[in-house]
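S.K.: First to last, the protein sequences are chains A and B.
Using UniProt numbering, read the first sequence as starting at 1 and increasing by one per residue.
Using UniProt numbering, read the second sequence as starting at 1 and increasing by one per residue.
Everything labelled a hint here was simulated from the structure, so no lab data went into it.
One should not assume that every hint holds.
One copy or two, it doesn't matter: identical chains are merged, so the pair holds either way.
[To be verified] SDA-like mimics (lysine to any residue), calculated; alpha carbons at most 20 Å apart, straight line:
1. Lys220 - Asp173
2. Lys330 - Ala46
3. Lys64 - Asp319
4. Lys314 - Arg169
5. Lys257 - Ala2
6. Lys330 - Gly228
7. Lys220 - Pro300
8. Lys68 - Leu7
9. Lys172 - Phe296
10. Lys314 - Gly152
11. Lys257 - Glu99
12. Lys184 - Gly228
13. Lys172 - Arg309
14. Lys155 - Gly298
15. Lys184 - Gly152
These numbers come from a predicted model, not from an experiment.
Number of protein chains: 2
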Amino acid sequence: MADTVTLSLEEGFTLAVEAFLANGCDRRNAEAVARNMMRAEGDRCASHGLFRLPGYLASLRAGKINGKADPTVIDLAPGAVKVDGDGAMAPVAHEAGYEPLIEKARSQGIAALALTRIHHFSALWIEVERLTEAGLVGFAFTAYKPVVTPGGGTKALYGTNPMAFGWPRPGKDPVIFDQASSAKARGEIQIAARDGHEVPPGTGIGPDGEETTDPNLILKGAQLPFGGYKGANIAMMVELLVAGLIGEWFSFEAAEKDAEDGGPPRGGEFMMAIDPARFGDADGWAAHSETFFERFLGIPGTRLPSARRYGNRKETPSDGITIPTSLHEKIREMM
Amino acid sequence: MADTVTLSLEEGFTLAVEAFLANGCDRRNAEAVARNMMRAEGDRCASHGLFRLPGYLASLRAGKINGKADPTVIDLAPGAVKVDGDGAMAPVAHEAGYEPLIEKARSQGIAALALTRIHHFSALWIEVERLTEAGLVGFAFTAYKPVVTPGGGTKALYGTNPMAFGWPRPGKDPVIFDQASSAKARGEIQIAARDGHEVPPGTGIGPDGEETTDPNLILKGAQLPFGGYKGANIAMMVELLVAGLIGEWFSFEAAEKDAEDGGPPRGGEFMMAIDPARFGDADGWAAHSETFFERFLGIPGTRLPSARRYGNRKETPSDGITIPTSLHEKIREMM
Numbered sequence: 001m002a003d004t005v006t007l008s009l010e011e012g013f014t015l016a017v018e019a020f021l022a023n024g025c026d027r028r029n030a031e032a033v034a035r036n037m038m039r040a041e042g043d044r045c046a047s048h049g050l051f052r053l054p055g056y057l058a059s060l061r062a063g064k065i066n067g068k069a070d071p072t073v074i075d076l077a078p079g080a081v082k083v084d085g086d087g088a089m090a091p092v093a094h095e096a097g098y099e100p101l102i103e104k105a106r107s108q109g110i111a112a113l114a115l116t117r118i119h120h121f122s123a124l125w126i127e128v129e130r131l132t133e134a135g136l137v138g139f140a141f142t143a144y145k146p147v148v149t150p151g152g153g154t155k156a157l158y159g160t161n162p163m164a165f166g167w168p169r170p171g172k173d174p175v176i177f178d179q180a181s182s183a184k185a186r187g188e189i190q191i192a193a194r195d196g197h198e199v200p201p202g203t204g205i206g207p208d209g210e211e212t213t214d215p216n217l218i219l220k221g222a223q224l225p226f227g228g229y230k231g232a233n234i235a236m237m238v239e240l241l242v243a244g245l246i247g248e249w250f251s252f253e254a255a256e257k258d259a260e261d262g263g264p265p266r267g268g269e270f271m272m273a274i275d276p277a278r279f280g281d282a283d284g285w286a287a288h289s290e291t292f293f294e295r296f297l298g299i300p301g302t303r304l305p306s307a308r309r310y311g312n313r314k315e316t317p318s319d320g321i322t323i324p325t326s327l328h329e330k331i332r333e334m335m
Numbered sequence: 001m002a003d004t005v006t007l008s009l010e011e012g013f014t015l016a017v018e019a020f021l022a023n024g025c026d027r028r029n030a031e032a033v034a035r036n037m038m039r040a041e042g043d044r045c046a047s048h049g050l051f052r053l054p055g056y057l058a059s060l061r062a063g064k065i066n067g068k069a070d071p072t073v074i075d076l077a078p079g080a081v082k083v084d085g086d087g088a089m090a091p092v093a094h095e096a097g098y099e100p101l102i103e104k105a106r107s108q109g110i111a112a113l114a115l116t117r118i119h120h121f122s123a124l125w126i127e128v129e130r131l132t133e134a135g136l137v138g139f140a141f142t143a144y145k146p147v148v149t150p151g152g153g154t155k156a157l158y159g160t161n162p163m164a165f166g167w168p169r170p171g172k173d174p175v176i177f178d179q180a181s182s183a184k185a186r187g188e189i190q191i192a193a194r195d196g197h198e199v200p201p202g203t204g205i206g207p208d209g210e211e212t213t214d215p216n217l218i219l220k221g222a223q224l225p226f227g228g229y230k231g232a233n234i235a236m237m238v239e240l241l242v243a244g245l246i247g248e249w250f251s252f253e254a255a256e257k258d259a260e261d262g263g264p265p266r267g268g269e270f271m272m273a274i275d276p277a278r279f280g281d282a283d284g285w286a287a288h289s290e291t292f293f294e295r296f297l298g299i300p301g302t303r304l305p306s307a308r309r310y311g312n313r314k315e316t317p318s319d320g321i322t323i324p325t326s327l328h329e330k331i332r333e334m335m
């Protein structure tokens with residue numbers, strides 16, 4: 001049997017939808033998450049594609065995630081809107097929140113979206129790209145369970161706490177970065193542990209609080225933030241925005257209350273959208289910013305964030321996507 | 001002659017005001033910048049205190065900075081306000097912008113302030129603290145002349161591009177971080193060069209594009225961002241917010257047009273303010289966030305950002321501040 005299975009994007013979408021429907025989701029919830037997953041797969045961002053499906057299904061079976069969630073949109077202020085996710089997988093809540101966020105950003109200049117009672121297991125770049133498609137500058141932040149130390153600390157307090165930022169480029173692919181606050185992705189450490197490799201210095205500490213390059217010790221200890229205390233500050237900011245500000249769980253609370261079923265814990269997310277047409281350079285901002293990107297690309301060794309994904313995006317509609325046979329079988333077994 | 005001079009905070013303020021008045025400033029401009037400087041000195045943040053005065057004075061003498069600036073407040077949208085700085089030193093423009101920004105954040109939930117035609121030479125934490133004093137969450141971003149490489153690049157494109165974030169704690173000192181996007185402060189590299197020391201790996205590259213620990217080569221080459229491409233992404237975000245979004249100069253434009261007189265180039269700044277009372281947990285957010293800070297402080301080795309400054313702030317009103325005699329003389333010579 002081959003190690004991998006190739007699927008068209010349509011086949012991947014149908015597989016995910018059917019797996020969700022077979023595990024207690026209604027069609028709205030199933031399709032919202034499947035669409036999100038296939039945007040990741042379409043860019044060959046496998047870590048946020050079908051790879052996540054068994055975790056979602058486990059959490060649906062455990063009753064932690066609500067597969068028939070009906071999120072509620074709450075108008076908080078002229079520039080602020082909230083979506084109470086009703087225990088949904090995050091993309092279901094996002095689909096309820098994008099339109100009011102975009103409308104508010106256009107009318108107010110800047111607006112924010114608070115998402116609560118969601119389970120986030122997807123890529124933030126997909127979310128900010130929805131804002132750049134509307135011509136807006138976008139930010140997104142979310143937390144997780146504690147795996148990263150605060151600056152100088154010897155114990156995990158923060159999730160990998162990613163943040164994403166997107167810049168619209170009319171007529172071109174947007175510039176988007178989406179990065180964890182940890183020095184390394186947790187998946188990379190898990191793969192090093194599985195394959196018996198060391199990880200680079202600066203990746204994490206063991207249970208004794210000492211820095212180590214042994215991935216097994218780091219998985220029992222804690223990951224380090226990127227860039228020392230500066231990355232730790234970004235992770236702290238994320239905690240305060242997605243939990244303190246909007247009344248959701250901090251990473252430490254999510255861990256205390258999570259069922260540990262392999263799926264995403266409950267948590268919050270915070271997004272901001274800015275309309276560049278409202279900040280004093282409505283006619284010039286896009287062309288002016290292109291002069292910056294030209295300078296950027298004129299420096300040897302540079303590549304704009306997300307450029308590789310956009311290259312992949314051109315190929316997958318015809319080439320399809322490839323997933324491990326073991327993953328394909330696992331999904332089919334859970335259907 | 002002693003190496004240092006001790007001044008009371010009042011004496012420092014008067015010294016700065018008189019130096020500005022003697023170099024073409026009106027009283028409003030002189031006092032706004034002197035107040036800002038003495039907030040830095042009061043926290044023993046010497047790098048943003050009187051140390052900056054000779055540079056300001058040089059730029060005033062060169063005619064680059066307008067010492068009689070009269071900034072204009074422009075209402076852009078319900079959630080957006082702009083201050084055209086009229087060539088001012090940044091604190092003059094801020095004092096015009098805080099009130100409309102705070103009022104908008106309270107009425108809209110979130111608001112932004114764009115500052116253009118300013119010369120920024122001060123600490124961002126002072127600015128976001130003005131927002132936390134009003135009970136708001138604050139962000140501030142500004143750029144400079146190119147000294148930092150984009151991720152993977154071998155030439156400088158970004159300024160040290162600091163960002164600051166502030167979190168209000170009713171009845172307590174706010175949590176504020178204010179950090180450059182470069183791995184090291186430029187001043188640290190200059191001091192290492194002066195003293196003949198090496199700098200740590202990861203600080204910068206020489207003119208040949210190769211990493212080096214020789215501070216002299218880095219000062220001729222370029223600094224590296226903190227945390228590799230992730231810190232570079234933060235620096236890029238700052239450029240886009242303070243230049244692309246609001247119609248001001250990117251770092252590369254500031255360098256091309258600057259008079260190189262030792263003072264700050266013209267540039268822009270972007271600030272955001274969020275009212276935590278408008279995000280769905282008006283009664284609970286402050287106490288809930290304190291549970292997070294308790295967890296943080298319960299981890300050995302941690303210290304909240306800015307805690308050291310708040311300690312200093314208790315001492316300087318009685319102890320005064322100490323500046324090098326050479327700096328004191330230089331200021332007096334320029335009066």
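S.K.: Next step is simple, just say for each hint if it's right about the structure.
M.R.: Hints and how they fare:
1. Taking the closest pair of Cα atoms, lysine 220 and aspartate 173 never come within 20 Å of each other, the shortest separation being 40 Å inside a single copy and 35 Å across copies.
2. Within a single copy, lysine 330 and alanine 46 get their C-alpha atoms as close as 16 Å, which meets the 20 Å cut-off; across copies the closest is 60 Å, which misses it.
3. Taking the shortest alpha-carbon separations for lysine 64 and aspartate 319, neither the intra-copy value of 36 Å nor the inter-copy value of 58 Å comes in at or below 20 Å.
4. Taking CA atoms no more than 20 Å apart as the test, lysine 314 paired with arginine 169 passes inside one copy only; the shortest distance there is 18 Å, against 49 Å between copies.
5. In this homomeric assembly, lysine 257 and alanine 2 never come within 20 Å of each other (Cα to Cα): the closest approach is 40 Å inside a single copy and 61 Å across copies.
6. Taking the shortest alpha-carbon separations for lysine 330 and glycine 228, neither the intra-copy value of 39 Å nor the inter-copy value of 37 Å comes in at or below 20 Å.
7. Taking the shortest Cα distances, lysine 220 and proline 300 sit within 20 Å of each other only across copies (18 Å), while inside one copy they are farther apart (40 Å).
8. In this homomeric assembly, lysine 68 and leucine 7 never come within 20 Å of each other (Cα to Cα): the closest approach is 27 Å inside a single copy and 68 Å across copies.
9. Only within a single protomer do lysine 172 and phenylalanine 296 lie at most 20 Å apart by alpha-carbon distance; the minimum there is 16 Å, versus 43 Å between protomers.
10. Taking the shortest alpha-carbon separations for lysine 314 and glycine 152, neither the intra-copy value of 44 Å nor the inter-copy value of 25 Å comes in at or below 20 Å.
11. Taking CA atoms no more than 20 Å apart as the test, lysine 257 paired with glutamate 99 passes in neither setting, with 32 Å inside one copy and 42 Å between copies.
12. Proximity of lysine 184 to glycine 228 under the C-alpha cut-off of 20 Å is found in both arrangements, the shortest distances being 12 Å within a copy and 11 Å between copies.
13. In the homo-oligomer, the alpha carbons of lysine 172 and arginine 309 lie at most 20 Å apart inside one protomer (14 Å), although the nearest pairing across protomers, at 45 Å, exceeds that limit.
14. With identical chains, the CA atoms of lysine 155 and glycine 298 are at most 20 Å apart between copies only, with a shortest distance of 10 Å across copies and 42 Å within one.
15. Taking the shortest Cα distances, lysine 184 and glycine 152 sit within 20 Å of each other both inside one copy (17 Å) and across copies (17 Å).
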